[in-house]
Amino acid sequence: MFEGIYFQFPKLGFVLFFFLACEALCPLRSNPLYFPRAPMFGAVGVKAPLWLWISKWAMIIGFVIALMSPVREREIAADTGYDILLVMDPSIIEPEVISHVAAFIDRRSTDRIALWVPERSEVIVPLTREHAAVKSILSQLSAQPAEKKATRQISRFFTTSHEGRGWVLILSDTPETFVYALPVGVQTSIIDVQTDSGWVEKSDRGHPPYARIPARRYFDYYYIFPLFLGFLAMLAYLYGRNQKGIK
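Taking numbering that gives the first Met the number 0, the leading residue of the sequence shown gets 0, the next gets one more, and so forth.
In short, the hints are calculated from the structure, not lab data.
Just the calculated beta-carbon pair ranges, DEER-fashion:
id: 1; residue 1: ARG240; residue 2: TYR5; range: 32 to 38 Å
id: 2; residue 1: ILE75; residue 2: PHE16; range: 35 to 41 Å
id: 3; residue 1: ALA142; residue 2: ARG71; range: 49 to 55 Å
id: 4; residue 1: HIS161; residue 2: PHE18; range: 52 to 58 Å
id: 5; residue 1: LEU237; residue 2: ILE4; range: 26 to 32 Å
id: 6; residue 1: ASP219; residue 2: TRP52; range: 32 to 38 Å
id: 7; residue 1: ILE4; residue 2: ASP105; range: 37 to 43 Å
id: 8; residue 1: ALA142; residue 2: ASP105; range: 19 to 25 Å
id: 9; residue 1: ALA131; residue 2: LEU19; range: 55 to 61 Å
id: 10; residue 1: PRO94; residue 2: ARG216; range: 42 to 48 Å
id: 11; residue 1: GLY239; residue 2: LEU24; range: 20 to 26 Å
id: 12; residue 1: ILE4; residue 2: ILE123; range: 39 to 45 Å
id: 13; residue 1: GLN193; residue 2: TYR217; range: 45 to 51 Å
Pairs of lysine to any residue residues, derived as SDA-like cross-links and limited to a Cα-Cα distance of at most 25 Å, are as follows:
id: 14; residue 1: LYS134; residue 2: PRO207
id: 15; residue 1: LYS201; residue 2: PRO182
id: 16; residue 1: LYS134; residue 2: VAL122
id: 17; residue 1: LYS201; residue 2: VAL183
For every residue, glycine included, the Cβ atom is placed at its ideal position computed from N, Cα and C.
Please put together the full structure from these sequences, using the hints given.
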């Protein structure tokens, strides 16, 4: 509950020692009343109840804690970049093609990357910013006959994408047979890896990478809670002080 909360001005906690010193060295005085034959009264008197003492110090401590300003820091990364799905024809998986795809991924540092290889044992990597993991999976693939086609199942990869952020890159040497249907509402680029060797640079011109925006820091302030509790304790203390017969 209190994890990550700290004080912005912790040194102001020394204010509490001034109240402690004043309590010990400057006791509250009241107007004296003189009665004849005072010994007849003995030790009879009315003392302040314990709850009055507790409310006084709860008031002081609450105000001091509010003065120290308890906060919790949050760091929110900027949500920028495209959500890119790489759909690869399993028949074109060769070291040269994989090196081009890895170079493309390296250029998209602010984008989320997904991978889909529609073969008998499908390779599916959901959208992620862990680009090293995607490249590691790519390096372990090998060429296989294309037994499946790219269909509208592509849309399932973009369930968490913002509107206009989705982008599909379909890599194949026979796109006319590999692509069965295209998704609706998602930008799609079909790349023939045999005839278009410079597709990495062209993709950057058509969809330039977003500039990296540093994460922003936000503060949640909690001084209002000890301030409110101190205010309630002050009301209780003032009510007790105004009662007749309490010193």
